[in-house]
Amino acid sequence: MVRDPRLPAPLSWSTFTTGLWRENPVFVMLLGLCPVLAVTNTATNALAMGLATTFVLLCSGLLVSLLRKVIPKQVRIASYIIIIATFVTITDYAIQAISLDLYRALGAFIQLIVVNCVILGRAEAYASKNPVRNAVVNALGMGLGFTFALLCLGVVREVLGSGSLFGADLFGPSFQPWAVFVLPPGGFFVLSFWLFVFAVFRKRQQRAAQPQQEAGHAA
Amino acid sequence: MSEQPGQPSPPPPPSSGSLIATLGGIAMLSGFFVVLTFQLTAPRIERNKQAALEKAVFAVLPEAVVRRNFHLDADGLVPLPDAEFARANLFAGYAADGRLAGLAMEASARGYQDVVTILYGYSPETRCVIGFTVLQSTETPGLGDKVETDPQFLANFGCLEARLNPEGTAMANEIVTVKHGKKAHPWEIDGISGATVTSVAIGTALRRSTSEMLPLLERFKDALPLHIEPPAGP
Chain P
1 MVRDPRLPAP LSWSTFTTGL WRENPVFVML LGLCPVLAVT NTATNALAMG
51 LATTFVLLCS GLLVSLLRKV IPKQVRIASY IIIIATFVTI TDYAIQAISL
101 DLYRALGAFI QLIVVNCVIL GRAEAYASKN PVRNAVVNAL GMGLGFTFAL
151 LCLGVVREVL GSGSLFGADL FGPSFQPWAV FVLPPGGFFV LSFWLFVFAV
201 FRKRQQRAAQ PQQEAGHAA
Chain R
220 MSEQPGQPSP PPPPSSGSLI ATLGGIAMLS GFFVVLTFQL TAPRIERNKQ
270 AALEKAVFAV LPEAVVRRNF HLDADGLVPL PDAEFARANL FAGYAADGRL
320 AGLAMEASAR GYQDVVTILY GYSPETRCVI GFTVLQSTET PGLGDKVETD
370 PQFLANFGCL EARLNPEGTA MANEIVTVKH GKKAHPWEID GISGATVTSV
420 AIGTALRRST SEMLPLLERF KDALPLHIEP PAGP
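Residue numbers (our numbering), protein chains in the order written: chain P, 1 to 219; chain R, 220 to 453.
Any given hint could turn out to be false.
Claimed, not checked - Stretch by stretch, here's where chain R covers chain P in the computed footprint (C-beta under 8 Å, at least three residues):
(1) 25 to 32
(2) 190 to 201
Claimed, not checked - Straight-line Cα separation of at most 20 Å, DMTMM-like style, residue types lysine to aspartate or glutamate; simulated pairs:
(3) R:Lys268 to P:Glu124
(4) R:Lys268 to P:Glu23
(5) R:Lys268 to R:Glu325
(6) R:Lys274 to P:Glu23
(7) R:Lys365 to P:Asp101
FYI, nobody ran anything at the bench for these hints, they're computed from the structure. Backbone N, C-alpha and C fix where the C-beta goes; we use that ideal spot for every residue, glycine too.
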């Protein structure tokens with residue numbers, strides 16, 4: 001039976017895992033790369049930025065989905081921006097209340113979550129067309145996928161660039177850090193390395209799936 | 220183009236009033252959330268800011284155990300309560316025995332990437348800058364941030380001369396950063412090769428601030444208590 005494409009997709013495990021792996025916003029869709037490159041010089045900054053983005057994704061997804069039948073399509077983008085900006089401001093205050101050092105380390109990138117295309121993209125492509133439960137689960141998956149990608153970069157950059165992990169010294173005073181990894185070019189190097197690793201991994205998965213599909217067709 | 224018979228007509232576009240009402244409603248909801256969060260977090264943010272400043276003052280004045288806030292300008296030296304610490308531009312640190320251990324002041328100058336803001340300690344007794352801590356900086360990690368870690372650079376601030384002329388109206392010798400290894404006078408800062416711009420920015424910030432603040436301090440020094448009641452022990 002063919003499903004009506006206008007109906008929302010049913011809630012399933014893949015609603016959550018899509019953002020984590022198959023449509024990972026950084027490694028697959030290459031979205032939101034500005035904070036990915038800018039604030040992953042330490043694992044702590046990467047984790048904080050990932051969690052902040054997840055919070056904004058989750059709350060904006062929830063509200064956009066709740067109001068999806070109320071917001072006319074002519075003003076939907078303006079409405080989504082107001083909703084996203086609200087939760088970014090809340091995150092901004094919350095981080096200042098938690099730690100000023102962390103707030104200084106993340107700098108302007110907290111405010112710039114407003115223009116992160118992962119969030120607006122999710123609001124427009126998913127939350128505005130699906131019920132609240134689906135929107136929340138999907139946003140959580142996307143947010144955690146984004147956090148995972150940021151952590152992948154942050155861990156490598158901090159270990160190589162500072163010789164530490166989450167601020168804890170790993171190699172002792174004799175280690176000469178590769179400062180380039182905490183500088184902007186290091187962000188590009190590590191991102192390209194991870195993109196290569198993920199591309200190889202996906203290719204292998206596709207190759208492994210191909211004989212099974214052919215066998216299915218032959219049968 | 221004429222409408223095909225039998226096809227449902229598209230819904231009429233919403234009126235301007237309903238669009239304005241929707242956006243207005245969402246903006247009001249947004250305002251409510253933002254104000255609520257601000258009200259809930261403001262006391263804690265204020266506490267964090269005070270704690271960060273306190274930490275910075277005690278870092279540049281290691282002997283100090285008590286901090287007092289002041290605002291110094293051409294009109295005089297005015298003590299401020301802790302609630303108004305954001306207005307203060309001069310902090311006095313007092314030692315455990317109640318005597319004045321030093322003064323801490325903010326200074327800033329353009330660095331390599333952005334403005335570098337520091338808090339520096341000044342000893343009125345020895346007329347020296349006795350240390351500094353970076354409050355805000357986006358300098359290149361591994362290069363510009365050496366100003367906070369390089370032991371040779373930090374050695375400049377054991378006693379960096381900041382003396383006024385005999386009239387007390389201007390600096391006798393303005394603080395200046397010189398090339399690494401070229402320091403010849405006690406008011407010169409030995410720069411860092413590899414963090415040249417940032418080390419020059421520290422010198423510029425100190426020169427500007429001391430030239431402005433120290434003559435004012437000299438004018439209104441009578442308003443600055445040199446001793447306070449020693450703080451009660453723990």
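Now the hints, each set against the structure:
1. With 0 residues carrying a beta carbon less than 8 Å from a beta carbon of chain R, the stretch 25 to 32 of chain P misses the three-residue requirement, and the given coverage is violated.
2. Given as covered by chain R, the stretch 190 to 201 of chain P fails the check, having 0 residues with a CB less than 8 Å from a CB of that chain where 3 are the minimum.
3. Taking the CA atoms of Lys268 of chain R and Glu124 of chain P, the gap is about 38 Å. The hint is violated against a cut of 20 Å.
4. Only pairs whose Cα atoms come within 20 Å are accepted, and Lys268 of chain R paired with Glu23 of chain P is rejected, the gap being roughly 40 Å.
5. For the hint linking Lys268 of chain R to Glu325 of chain R, the alpha-carbon distance of about 15 Å falls within 20 Å, and the restraint holds.
6. At most 20 Å may separate the alpha-carbon atoms for a hinted pair to count; Lys274 of chain R and Glu23 of chain P exceed this at roughly 45 Å.
7. Restraint check: the Cα-Cα separation between Lys365 of chain R and Asp101 of chain P comes to about 18 Å, which is no more than 20 Å; the hinted pair holds.
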